[in-house]
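Line by line, the protein sequences are chains A and B. Sequential numbering of the first sequence, starting at 0, is according to numbering that gives the first Met the number 0. Sequential numbering of the second sequence, starting at 0, is according to numbering that gives the first Met the number 0.
Among these hints, one or two may not hold up.
[As the list claims (entries may be wrong)] Here are the simulated DSBU-like pairs of lysine-lysine, each with C-alpha atoms no more than 35 Å apart in a straight line:
| no. | chain 1 | residue 1 | chain 2 | residue 2 |
| --- | --- | --- | --- | --- |
| 1 | B | Lys-30 | A | Lys-121 |
| 2 | A | Lys-209 | A | Lys-223 |
| 3 | A | Lys-223 | A | Lys-1 |
| 4 | B | Lys-30 | A | Lys-128 |
| 5 | A | Lys-121 | A | Lys-223 |
| 6 | A | Lys-128 | A | Lys-1 |
No lab work stands behind these hints: they were computed from the structure.
Chain residues, written in single-letter form:
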Amino acid sequence: MKRYVIGRVISGVLVVFLALTAVFFMLRLSGDPVLLFAPMDTSRQDMNAIRERMGFNDPLLVQYGRFMRDAVQLDFGNSSRERRPAMEVVTDRLPATIQLGATSLLIAVSIGIPLGILSAVKHGSGWDKFARFISVLGQAVPGFWLGVIMIMFFSVRLGWLPTSGRGSWEHIIMPALTLAAFSMARYARLTRSTFIDVLGQDYIRTARAKGLTQNIILWRHAFKNASVSLITMTGLEIGNLIAGAVVIEQVFAWPGMGRVMVQSLLNRDFAVVTAAVVLFAAMYTFANLMADLAYGWVNPTVRLN
Amino acid sequence: MSASSVAERNDLTLSKRRSLRYKLRPLLRDKWASASVLFLIVIVIMAITAGLFVPDDINSPDFGARLLPPLTDGHIAGTDQLGRDVFGRLWLGSRVSLVVGFGTVFFALLIGVPIGMVAGYFGGWFDTILMRLVDVQLSFPFILLALTINAIMGLGLRNILITLVIVGWIEYARIARGETLIVREREYIQAAHVSGAREWAVILRHILPNVTTPLIVIGTLQVARFIIAEASISFLGFGVQPPTPAWGSMVSDGLKFILSAWWLITFPGLMLALVALAVNITGDWLRDTLDPRIRNR
Chain A
0 MKRYVIGRVI
10 SGVLVVFLAL
20 TAVFFMLRLS
30 GDPVLLFAPM
40 DTSRQDMNAI
50 RERMGFNDPL
60 LVQYGRFMRD
70 AVQLDFGNSS
80 RERRPAMEVV
90 TDRLPATIQL
100 GATSLLIAVS
110 IGIPLGILSA
120 VKHGSGWDKF
130 ARFISVLGQA
140 VPGFWLGVIM
150 IMFFSVRLGW
160 LPTSGRGSWE
170 HIIMPALTLA
180 AFSMARYARL
190 TRSTFIDVLG
200 QDYIRTARAK
210 GLTQNIILWR
220 HAFKNASVSL
230 ITMTGLEIGN
240 LIAGAVVIEQ
250 VFAWPGMGRV
260 MVQSLLNRDF
270 AVVTAAVVLF
280 AAMYTFANLM
290 ADLAYGWVNP
300 TVRLN
Chain B
0 MSASSVAERN
10 DLTLSKRRSL
20 RYKLRPLLRD
30 KWASASVLFL
40 IVIVIMAITA
50 GLFVPDDINS
60 PDFGARLLPP
70 LTDGHIAGTD
80 QLGRDVFGRL
90 WLGSRVSLVV
100 GFGTVFFALL
110 IGVPIGMVAG
120 YFGGWFDTIL
130 MRLVDVQLSF
140 PFILLALTIN
150 AIMGLGLRNI
160 LITLVIVGWI
170 EYARIARGET
180 LIVREREYIQ
190 AAHVSGAREW
200 AVILRHILPN
210 VTTPLIVIGT
220 LQVARFIIAE
230 ASISFLGFGV
240 QPPTPAWGSM
250 VSDGLKFILS
260 AWWLITFPGL
270 MLALVALAVN
280 ITGDWLRDTL
290 DPRIRNR
């Protein structure tokens, strides 16, 4: 178990390292970095001076080594726009993203799973059709559009909720619902198919024959076995929520990591982009590791190695 | 039963089997799937014929007709802030979505499947490198990677297509590799080896036909994913640039007029949702029909 965790952490570090390498070479090969932030009227000599000072005239491998040395210390240089460490710019926004992601996950789980169970138990009924329709729809509607439509309806038309920003609890309702829609649909779908499988198993029939109530069968017998695949999915879903946040945060001007990332891409503030990419990748890898560990914990027959 | 009537009956079944109606039977039985396929066919025809029906000056402004609501002066879906007909722009915009959706899957399959099959079949260092790449890619949210690459590569339709292929091919390589690993161990592959078939002939003739089904199903479902991804990227201001109409950027253009012109935002997004819905339903149906093994996954 311990060896497995260590192995996974090492492979996670390796992945982030490879990702950093890719980002470094893509950025360097995409053009002259000085042209990006130097004012238009900078003279050629000044440009060269900047290049020399910032080390852009050194061989690429030397630059790469320097970049990696700093990156290991989580130093990605200064934001060219905010004139402070890029990592700081990103981590400042971390709480907002976590708040949004966690709220969305909570919504997705607490609506999606019951909907899926209901759908499986009343297999073929009107409820089932409704739940399946919702889950197909939820996976098709583009998140950004759903967000805009909600703004149009609840903020502009009805004036119930604030259109954008972060502050009171009212601010988080629409972004969280929008972000949760896709995940909720996937939870409903997976829960439904898993429960249909599980409820057809012999031990469920045995439990019914013993005269146990539907509630005990569902929650104690079926849910435990269904939870294995639900937990695996949650690891992936956390990743999807992070990815979705990149777009949704922009719609609602939610001041999170996704928004700062998009803004930095638009401003070509690549130090911040790099820092954000690394932090996103680290969070993503961590979520998947947690899901794997939880998987081994709920299902001891899985040998982690 | 006389010999002639048996022959006659076989003949009948054969002609019946050849008829289009018989071939389409599994599709016609599912009304949602047939409606979806029909809808997609209509959209594809619209995209192809856009040049014939959408006027050439669709992107030139007409300030006399700014922000007209739907169904006024012959503008079915109204006009935008520059007086351009929204319906015509939606029609033209279908091209971007379809080219990106189907084009990405096509090229990603073209690149990913051979690489995945070779990696799965031969193993070795090539396989190790591929699996490392898969690890790296799985540690990134898809849209994040696409955004970053697109921002670095530059904007425009061609670059967003290349971006999505770069991000997308690994998925198919991974699936092709996994399927090849399973098929490789089958007895008929060993039989092919024993009968003296060359390696590449085994891959092309015996393995390829047996790994295509899951790839077709996942490829279809991915069309919707890439269409939404392109729309999201264009919505954020990357990707397809004005004045080329794309459904995603049309929504973001409409945002400035959210107070007054609901149609600018509503219609392009509705088109995206309907196309994605139709593609997903078709993909689910394909999965149930072609490959019951991966059902419900």
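Hints versus structure:
1. B:Lys-30 / A:Lys-121: holds (22 Å)
2. A:Lys-209 / A:Lys-223: holds (19 Å)
3. A:Lys-223 / A:Lys-1: holds (25 Å)
4. B:Lys-30 / A:Lys-128: Holds: B:Lys-30 and A:Lys-128 sit about 14 Å apart, inside 35 Å.
5. A:Lys-121 / A:Lys-223: Holds, because 19 Å separates the two Cα atoms, which is no more than 35 Å.
6. A:Lys-128 / A:Lys-1: The hint is violated at about 45 Å.
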